[in-house]
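Peer 1: Residues per chain, in single letters:
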Amino acid sequence: MRRSPLLGSEHSGNRDKGERPKKPIPLQDQTVRDEKGRYKRFHGAFSGGFSAGYFNTVGSKEGWTPSSFVSSRQNRADRSVLGPEDFMDEEDLSEFGIAPKAIVTTDDFASKTKDRIREKARQLAAATAPIPGATLLDDLITPAKLSVGFELLRKMGWKEGQGIGPRVKRRPRRQKPDPGVKVYGCALPPGGSEGSEDEDDDYLPENVTFAPKDVTPVDFTPKDNVHGLAYKGLDPRQALFGTSGEHFNLFGEGPEGASNLLGDIGVNKGRKLGISGQAFGVGALEEEDDDIYATETLSKYDTVLKDEEPGDGLYGWTAPKQYKSQKESEKDLRYVGKILDGFSLASKPLSSKKIYPPPELPRDYRPVHYFRPVVAASSENSHLLQVLSESAGKPMHDPGTHSRHQLNASKRGELLGETPIKGSATSVLEFLSQKDKERIKEMKQATDLKAAQVKARSLAQHASGSRAQPLPADVGHCSWHVALSGGTATTRASSFKPFAKDPEKQKRYEEFLVNMKRGRKDALEQCLDPSMTEWERGRERDEFSRAALLYVSSHSTLSSRFTHAKEEDDSDQVEVPRDQENDVSDKQSAVKMKMFGTLTRDTFEWHPDKLLCKRFNVPDPYPDSTLVGLPKVKRDKYSVFNFLTLQETASLPPAQGSSEKVPQPRAPDKSRKPSRWDTSKQEKKEDSISEFLSLARSKVGPPKQESSPSVKKEEEHVSESLSDQMVNKEVDSQPEGEGSRPSMDLFKAIFASSSDEKSSSSEDEQGDSEDDQAGVREADFKSSQETDLVETSSGAHDSKLPPQDPAPSFPIQKMQIDQREEFGPRLPPVFCPNARQKLETPQKEKHKKNKEKHKTKKEHRRRKEKKKKHRKHKHKGKQKNKKSEKSSSSESTDSSDSQSDDEGTADLSPQELLRRLKRLPLRRQ
Amino acid sequence: MVSALLRVPGPPAPWGRRRANPGRCSPVDGNYCLTCGSDKTLKLWNPLRGTLLRTYSGHGYEVLDAAGSFDNSSLCSGGGDKAVVLWDVASGQVVRKFRGHAGKVNTVQFNEEATVILSGSIDSSIRCWDCRSRRPEPVQTLDEARDGVSSVKVSDHEVLAGSVDGRVRRYDLRKGQLFSDYVGSPITCTCFSRDGQCTLVSSLDSTLRLLDKDTGELLGEYTGHKNREYKLDCCLSERDTHVVSCSEDGKVFFWDLVEGALALALPVGPGVVQSLAYHPTEPCLLTAMGGSVQCWREEAYEAEDGPG
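Chains as they are written, first to last, in UniProt numbering: chain D, 1 to 925; chain H, 1 to 308.
It is possible that some hints are incorrect.
What the hints assert, rightly or not - To give an idea of the chain D side of the interface with chain H (calculated C-beta under 7 angstroms), a few residues:
1. Leu350
2. Lys353
3. Pro358
4. Phe499
5. Lys594
6. Asp602
7. Lys610
8. Tyr622
As the list claims (entries may be wrong) - Pairs of lysine-lysine residues, derived as DSBU-like cross-links and limited to a Cα-Cα distance of at most 35 angstroms, are as follows:
9. Lys614/D / Lys251/H
10. Lys610/D / Lys251/H
11. Lys40/H / Lys594/D
As the list claims (entries may be wrong) - If you want the ones that stay clear, here's a sample from chain D, every Cβ over 12 angstroms from chain H, calculated:
12. Asp92
13. Glu160
14. Ala346
15. Gln434
16. Pro503
17. Ala547
18. Lys587
19. Gln588
20. Met595
21. Gly597
22. Glu605
23. Asp609
24. Ser625
Hints were generated in silico from the structure; no laboratory data involved.
Don't be surprised by glycine CBs; every beta carbon is placed ideally from N, CA and C.
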């Protein structure tokens, strides 16, 4: 590679192979040279740009030689005026200079699309020039060859500058300047070319048509430079005013175009001498400093898209120019007041806003909102509607009055006069004759009435009564029931979400409803989450059945009156530690059996405070959590399970506890004092149920005595789940009459579901399989526990029922401090001589009590699991015991050996000790 | 400086042999003995000579427990006035008083760097007080116990707490976990073994249990002494070879740690041995009974202060 003496590097051959040069030339090495390889030096912005003269000197290589004086006196005439190029450098005249000398096609000969606006301006000028056809010369010099299209158009009467199309009749309201030439700022005062044709004052060219306006095609030339939008650099032709046509300047720049033509031409001429352009500077020939640094303001731009107004151009119509100005002056005259400088009268009158009157109210309009009737007429519960109307003694709706939506296919067919298709009959009832139907209806009403009366007393009787119904009636009844329950179930599912806070649960609940609607017996079991524990399932089962009960009877009445809460009510929830130490009972037994370890250990996630970790020089185990202490969870305030603990702590005597405890007999509530709280709850519960029932009845309308079938439907729908409750009420009426608390059986029957039975049976098994060691005590312990469970759960349910109840405060796990003031191991005796008396409080008993209290606080939640686990462990333990017994005999000698070893080596490392300790068989006393 | 934590109810009577004794794991030299009692004061002794070095007074009720920092520069104590007090050893002034417990403070401990005081109270909470900042409320309150906290011990990253609810709770700061071991009867004293692998738990059923720290399994049981009513101390000997416990029958019981066999029943006096402490490195024991502190040594030991 040849190294050039120049600093810049040549294009190397590498470029040919597509490789890029190794390094771009750094900025400091880049130089500017002229075509001869000479350095170019930059001059100041005002000194003319690149190098001047000879190497920035005046003159030539030989130095400065003044040109010889030649008198111009003789040849003054042929001496032309010096043009700018006489003062220009050669670079300026080169191809890329400001005044290139190279031969280029001028605009006239270049393609016409280059500069449409200028072209148009030129034509305009030609048309409106004082001497029409002043630009005729230009036209003459147009290229000889015109395209055929031009020729054709011309022959058809088209003139240049006109649009193409049929001539339009229109009234030129005023003549505006060429839209191609923008007017910034305010309108110029009228003036200019008035005076020549004044006489055509109200010239209405009735029979004159105008050529359509020429359309400026959209300029699609891509912008391929980096200039700003609409930037026009220095036009080289303008630099040489002598050579390029000055009229171009005139018409290109003059904002007013034709109107300014005469008056301003001198000014324009003077101004447009020399070079000017945006940001180019003020030339030496300029008389005044122009605003060379064109300030771009937004006001220079159009902010509104508008089409050009008609009649703006003068295309094809050149005569009445003064018409417009005349009119404007007239308009000005119309206005009496003063017009501020720079303002002009509005051309259009201000359109006043039209005010519309408010719509008229109908005459019989009452501004009171009334709620829709509960039973909306829809396809879903048209059955119900029928039933209602029937029961109210009103005649059935005429099928014709039914709305379209209320009709089913068969009814529509009936209306249309079709013969019903036998095969597609949906109900058995359809097959019956009219007479039979009548009879069935009567019978049904009778039986329903009877059933309702009976149900008030005993549901069992009702059951038998319904069984006594004749078969066809039963079938019809069933279909009704299904239809009704379907309607209510769906509406209920859509409107009532009792578990909306837990979407999973709500889903399960809805599933349960659907299943129930289908009449499945195992609806509950099916929808429950199989991954849940038995206990949780039992709990949910209770809740679902209760919710279904409550909302069935109440939802339709209440839903029309209440709306859903917009915000979640946080007060319904309380924070409860997520994990709690489990029931101590099995732990106690484990301790008794000396089975420490997993049985007695609870492990919790515990979050130490960040600062504490810092102080202990320990990394924060949970760097992301803001939690401190044991994690807590939010629970429903009125959840059963909060009451479970409360119930225990509040009123439940500890049934199990220390080993001396005798298992309590069943039904311990008899011995218990009836607390006001309990009874009130009980009453409330009944109240709420009866209230719902009465609500349901009142909703349906007819009084109870009539025992409308719809009521029956409702009740029957409920009755499956309600039945045992009813029975229990019946059974318990006597003890209630005595003013005492209802017996345990009631609660058990209501709230203790199959899970309890299951568990009890499993416990029986457990008891059977219990080994002798755990013995009778264990069994007793279990049974007492069971009673506890039943009791507590029932109590909890009963307290849960009315959620608005002023519930007792949330169960506080901690005990009263003052109560505990003396708990704990006693401090060693005080040896102050003055305070020597011994405190002989029955410390032990206190401890015992204390223990019992703790026991009452235990959680029932994982009891069953625990029990199972425990059982397993017990078995394991048994095996272990046997093993250890076996091995102990063989190991006894070993241990004695090791003993002697130990004595021999007193200095044992702690690790060694520990190892040995772990190897040792567990000693059992 | 402070190495013995002996609770001496009542003003210390003239006492015979005493000897410094250890805090748990701190590298204390074992030259000093700290006593506290119902005279509302703390007293710092030189157990070797039996001289009283300083008395710290400022508590409003009896002082139930006291502890020293690892560098012997400060003391903490808690008592019946529900306050936890931080003392400056040299000046004998109260540096801070932390109030917040709702009941008597049963036990106090410094952490390893003496930046936090942990105090267990019969209000069933353990409170962690920050000694560095001036904030009056505890850094954290460990209120998992269901009954009064009788004993708190601290290792470098664990807090071991025994409670009257019959559980030993170990808060592991490093793992972020709480291990709760159920023992059954109210716990009077807990301590770590010196190797940090086991915990020794004494409870009111006159039993000491050695539990594996990680699994909670029972490694050994030590019985024979009497502990039914009082909150008595227990500890491990300086090499973890023996388990030492006070007894209500006026003796100190020594068990072989591994065998569980009773090694020695040291008769101390007629009353209840209320507290004891073991020297961190030497076979030397301090016992407190009825207002006096006694220091026990091997018979072979010959020191400037005579046999222990």
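Peer 1: Each of the hints needs a verdict: does it hold here or not?
Peer 2: Hints and how they fare:
| no. | hint | in the structure |
| --- | --- | --- |
| 1 | Leu350 | 72 angstroms, violated |
| 2 | Lys353 | 67 angstroms, violated |
| 3 | Pro358 | 65 angstroms, violated |
| 4 | Phe499 | 31 angstroms, violated |
| 5 | Lys594 | 6 angstroms, holds |
| 6 | Asp602 | 4 angstroms, holds |
| 7 | Lys610 | 9 angstroms, violated |
| 8 | Tyr622 | 5 angstroms, holds |
| 9 | Lys614/D / Lys251/H | 43 angstroms, violated |
| 10 | Lys610/D / Lys251/H | 44 angstroms, violated |
| 11 | Lys40/H / Lys594/D | 41 angstroms, violated |
| 12 | Asp92 | 80 angstroms, holds |
| 13 | Glu160 | 91 angstroms, holds |
| 14 | Ala346 | 74 angstroms, holds |
| 15 | Gln434 | 76 angstroms, holds |
| 16 | Pro503 | 30 angstroms, holds |
| 17 | Ala547 | 35 angstroms, holds |
| 18 | Lys587 | 4 angstroms, violated |
| 19 | Gln588 | 6 angstroms, violated |
| 20 | Met595 | 8 angstroms, violated |
| 21 | Gly597 | 4 angstroms, violated |
| 22 | Glu605 | 6 angstroms, violated |
| 23 | Asp609 | 4 angstroms, violated |
| 24 | Ser625 | 9 angstroms, violated |
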